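Protein sequences, first through last, are from chains A, B and C.
Just so we're on the same page, our numbering is the position in the first sequence counted from 1, plus 86.
Just so we're on the same page, our numbering is the position in the second sequence counted from 1, plus 1377.
Just so we're on the same page, our numbering is the position in the third sequence counted from 1, plus 171.
Hints listed in this document are in silico derivations from the structure and should not be mistaken for laboratory results.
Every value quoted in this text rests on a predicted model; they were computed, and no experiment measured them.
Incorrect hints may appear among the rest.
[Said to hold, decoys possible] Chain B stretches covered by chain A per the calculated footprint, using a threshold of three residues with CB under 8 Å from any CB of chain A:
1. 1409-1421
2. 1437-1450
3. 1467-1479
4. 1517-1531
The beta carbon of each residue, even a glycine, is placed where N, CA and C say it ideally should be.
Letter by letter, the chains look like this.
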Amino acid sequence: MAIKAPESETQVGKGVEFSYYPGCSLHSTAREFNDSIQAIFKALGIKLVELEDWNCCSAASATTLNHALSLALPGRNLAIAQKSGRDMVIPCTGCYNRHKTTEFELRHGHSSNRALIEESVGFKYQGNFEVRSLLDVVGNQIGLENVRQHVQKPLTGLKVVGYYGCLLLRPTEITQFENPENPTLLNELLRTLGADVQPWSYASDCCGGDQTLVKPDIAVRLVNRLVDRAQEAGAQAMVTVCPLCQMSLEMRQTVPPKAAGPSAAGAKMPLFYFTELIGLAFGLEEAQSWWKKHLISPVSLLRSVGL
Amino acid sequence: MPDFNFIDQVNTLSEQTIELCYHCHKCTAGCPVVDQMEYGPDRILRMVQFGEKEKLLKSDDIWVCVGCETCGARCPNEINASRVLGALREIAYLENAAIAEPGAVKFHRIFLSLVQRTGRMHEVSLLALHKLWTLNLFSDLPAGARLFMMGKVPLMPSIIKRRSEVKRIFDATDPKKKQVSHGD
Amino acid sequence: MSRIGVFICHCGINIAGTVDVTAVVEQVRKHPDVVFAADYKYMCSDPGQELIKKTIAEYQLDGVVVAACSPAMHETTFRRAVASAGVNSFRCECANIREQVSWVHQDHKEEATIKAVAISRSIIEKVSRNETLEPITAAVTHRALVIGGGIAGMQAALDVANAGFPVILVERQPQLGGKMAQLSGTYLNFIAAPGMLLKIIHKVNTHPNIQVLTNAEVKNVEGYVGNFQVRVDVKNLDQNPASAEQEAIQTPSMVEFTFEVGALIVATGWERYSQALLPEYGGGEIPDVIDGLAFEQMLADGGRRIRRPSDGKVPNEVVFVQCAGSRDPERGVPYCSKVCCMYVAKQAMMYKERVPGGQPYIFYIDIRSAGKGYDEYVQRAMTDCHAIYLRGKVSKIFRDGGKVIVWGADTLSGRSLEIAADLVVLATPMTPDPGAVDLGQRLHASTDANGFFTEAHVKLRPVETLTAGIFLAGAAQGPKDIPETVAQASAAAAKTLQLFSHEKMTVSPLVATVTAELCAGCGACVLACPYGARSIHPLWNIATVNASLCQGCGACVVACPNKASQVHNWRPDQIMAMLDEVL
Chain A
87 MAIKAPESET
97 QVGKGVEFSY
107 YPGCSLHSTA
117 REFNDSIQAI
127 FKALGIKLVE
137 LEDWNCCSAA
147 SATTLNHALS
157 LALPGRNLAI
167 AQKSGRDMVI
177 PCTGCYNRHK
187 TTEFELRHGH
197 SSNRALIEES
207 VGFKYQGNFE
217 VRSLLDVVGN
227 QIGLENVRQH
237 VQKPLTGLKV
247 VGYYGCLLLR
257 PTEITQFENP
267 ENPTLLNELL
277 RTLGADVQPW
287 SYASDCCGGD
297 QTLVKPDIAV
307 RLVNRLVDRA
317 QEAGAQAMVT
327 VCPLCQMSLE
337 MRQTVPPKAA
347 GPSAAGAKMP
357 LFYFTELIGL
367 AFGLEEAQSW
377 WKKHLISPVS
387 LLRSVGL
Chain B
1378 MPDFNFIDQV
1388 NTLSEQTIEL
1398 CYHCHKCTAG
1408 CPVVDQMEYG
1418 PDRILRMVQF
1428 GEKEKLLKSD
1438 DIWVCVGCET
1448 CGARCPNEIN
1458 ASRVLGALRE
1468 IAYLENAAIA
1478 EPGAVKFHRI
1488 FLSLVQRTGR
1498 MHEVSLLALH
1508 KLWTLNLFSD
1518 LPAGARLFMM
1528 GKVPLMPSII
1538 KRRSEVKRIF
1548 DATDPKKKQV
1558 SHGD
Chain C
172 MSRIGVFICH
182 CGINIAGTVD
192 VTAVVEQVRK
202 HPDVVFAADY
212 KYMCSDPGQE
222 LIKKTIAEYQ
232 LDGVVVAACS
242 PAMHETTFRR
252 AVASAGVNSF
262 RCECANIREQ
272 VSWVHQDHKE
282 EATIKAVAIS
292 RSIIEKVSRN
302 ETLEPITAAV
312 THRALVIGGG
322 IAGMQAALDV
332 ANAGFPVILV
342 ERQPQLGGKM
352 AQLSGTYLNF
362 IAAPGMLLKI
372 IHKVNTHPNI
382 QVLTNAEVKN
392 VEGYVGNFQV
402 RVDVKNLDQN
412 PASAEQEAIQ
422 TPSMVEFTFE
432 VGALIVATGW
442 ERYSQALLPE
452 YGGGEIPDVI
462 DGLAFEQMLA
472 DGGRRIRRPS
482 DGKVPNEVVF
492 VQCAGSRDPE
502 RGVPYCSKVC
512 CMYVAKQAMM
522 YKERVPGGQP
532 YIFYIDIRSA
542 GKGYDEYVQR
552 AMTDCHAIYL
562 RGKVSKIFRD
572 GGKVIVWGAD
582 TLSGRSLEIA
592 ADLVVLATPM
602 TPDPGAVDLG
612 QRLHASTDAN
622 GFFTEAHVKL
632 RPVETLTAGI
642 FLAGAAQGPK
652 DIPETVAQAS
662 AAAAKTLQLF
672 SHEKMTVSPL
682 VATVTAELCA
692 GCGACVLACP
702 YGARSIHPLW
712 NIATVNASLC
722 QGCGACVVAC
732 PNKASQVHNW
742 RPDQIMAMLD
752 EVL
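Hey, can you work out the whole structure from these sequences and the hints?
Below, the structure written as structure tokens:
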């Protein structure tokens, strides 16, 4: 049976647990994302149980070459998760999007799609749990009030923009999350941490992450456009929710932002996973270890604002 | 008469009703990579409506698409152009068309074969094999080296226990092995 | 001497902000005919009107001048107030010191005040010379005549007849039904037009209040609203026996009737556009190029008649050409014919249903589907019957072997196209009935540059003409489809019933008069009158005025060499006195 979100934002029931699907990148190229997630959930007293024997969802590759495969592969993970009945939280938005799509097809799609998934995986879908994104769980279920209560070191003076990327928000009928044209939860969360959130209009404009290894020139153009716009909005750093966006934005920045922030002129704009900033605001010591894993070091920026 | 077999094939695979498109160009106007496309999503839909199979399957546009789903989110007729381009990619691959971006296909094929073998992705294998296969050995080398030094690129692949279950999924959805129909 | 009360309105600051109203009061008080003068903030308000009524009683006024806004605003209001206090309403006039003074001279306050005084005094001069007048009444014949027996005419006739009034329905063809009888299924749900019509025709034919004259034409109309005399010529006497009421003049094949009616409803419908006017589309010479109405007739009857005219084979590739002659100011008609986008979608769907292997192609420039459910309907044509919509105007249609070649373009893909069609359907524009212009002249109802009847006001009076008592319904007024036609027909009937709801009608008495002793019977005024309100009395040889038609424009006054013609309360002595005040 599913453990549903409590009515009020201010209380997360003791003993709430989630199935945790890291996806391939969280144990490799997005290691610091995983580390920060583990740290803050521990601080919040919520247990994350890594999904047993989970398989790769094959995000972009399956959707490119074989749509049926892209629906079926996440199905195996859903079959494993439904055994425990815990809601499944997925940090990587690409993986989240694929699992949510499979869940959608099982619940609302054509019967032939449902049959395809169940038969190729070999299970019967019971629908006894939800696929959740990490931002949804932190922002809506744990709740901003709960987060606020754990903040020890407000991120005062840190000017950021919240960057969602694409797959957490679109297609809207599948993600059923925020309005892609004007999402606000990430900003509210960052404000709860005390950060100085800059308004801008590009929170869900694509960074080209899916092409960053395949056709890098596309990613280069999109990344640099985004970083310029963040800079124009007054941000010193961008806050992401997706490991592929983070990697793309770190790797593909070629032109330094036009005007310098507190970081030295000509330097690139650093990126943070939102959970890293939560950990920093919670005063967790291990936060310092995460910065070493960034391709663009945020250390001098953080020092310049006293964090 | 237009090639209705092809039009039906695209409609079915993409699960979209392409005839509803009235070419308002909202998709094209919001596409982040349209300036690197030859046609753009709206013209591609028009070409599907005319059944222009060969042109579409050899176009570069379908590989430029970043899958951001902005087109689908904004279309007034609820057509997801991203799914249509996805269907075209799939058909191009299945029918061994003259693919405009063979490097992209190679990347995805390597990715999937790795997942099929181990159940999970292994970046080192992926990048090494891709760069070898496309003879693109030195791009991203500095970044790759740094990532490795940070411990973010494990040398050993992670292999799941019940690999046969994953293989079963691959076999069941392989279009060459079985007639897969969906979206009816 | 008159006893005139003058009321100067502030109109808030609209007038008082520029004109020194106190000074105006002072100045007009000095006029010998003025026994009371005052200013007030808002004369049109209830207290303002009360002030007028009270003052009339207190000061025994016999005339009122309200110096305020334009008479177009509140003349009626003040006249009503004055009448209720027992003074003749035509002894009340407005002096416009707002639109003509305060609103246009805001930077010249002193001069504005002087002008306001001048205008007010000139109106005092006028009112002191105004006659007391009573509204004129005229009888109304409670019978209507409808010209045209299509859906518009029939609907209008039924509505008037159902209200209890007799109607004469005049139809030129041997049968009722008009163009709608030639349609097959209709949009939105393919209900067959002839079936719908049968019910209506039956009701019309059996209605006790409706007299149907087929093979009949209106030849002449005399008279005016409430009192028309209409001459109708009818062929084949057998079908229409003369009743005792009408005078019947018999000729071998034609019978003339004259009817006395109170209102006319013009529902003359539309006609097909000639393909000869489209030489680039074959000019009407290619048998397999037909128009929309011809294809309608093929679609009826289960589709058995969907055949190429040239060789009788079933057409597998049909090209529809929208805007064939419409929206073409250069070479065709400039207007949009409104119904073609909808009926072409309908025809494509009906064709596909009857010829399942067939392929419709539709060339369009825009899709105009503005009614309720209309756009969704056109979308169905695209999804359900795989009609291929191509955006571009067709340049040329010609024959090649057994096929008809269509050269067009598709702007959405940026290319030219050539289609070898089996059949081409041209969606040609609706044009007004060819007799409309002529009929309009006889009715004094104007037609526009395209031959459609002109409505009295483009927004607010869509079913009336500028000739009182003549109303419009249906495609005669402009291209439209069946629901709009029915709505308009009922509206025209409502206007007719409004007329018939009174035994008599009242007309403004501000009409022309003739001073018999001065009139020489020269007829200049008859020629000058744009409303046909003047005639020369056959016996006395002096001019007479039909007060119901006279609009008081004054053209006859100007034309009369003897100054025999004058308009009530706008006499030369009045005008000279007014001029003396302002100059």
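Hint check:
Under the rule that three or more residues need a Cβ within less than 8 Å of chain A, the assignment of the stretch 1409-1421 of chain B holds, with 3 such residues. Coverage of the stretch 1437-1450 of chain B by chain A holds. Counting CB-CB distances below 8 Å, 9 residues qualify, and the rule asks for three or more. Closer than 8 Å: that is the beta-carbon criterion, and the stretch 1467-1479 of chain B has 3 residues meeting it against chain A, so the requirement of 3 holds. For the stretch 1517-1531 of chain B, the stated coverage by chain A is satisfied: 9 residues place a CB nearer than 8 Å to a CB of that chain, which reaches the threshold of 3.
Hint compliance for this structure: no hint is broken.
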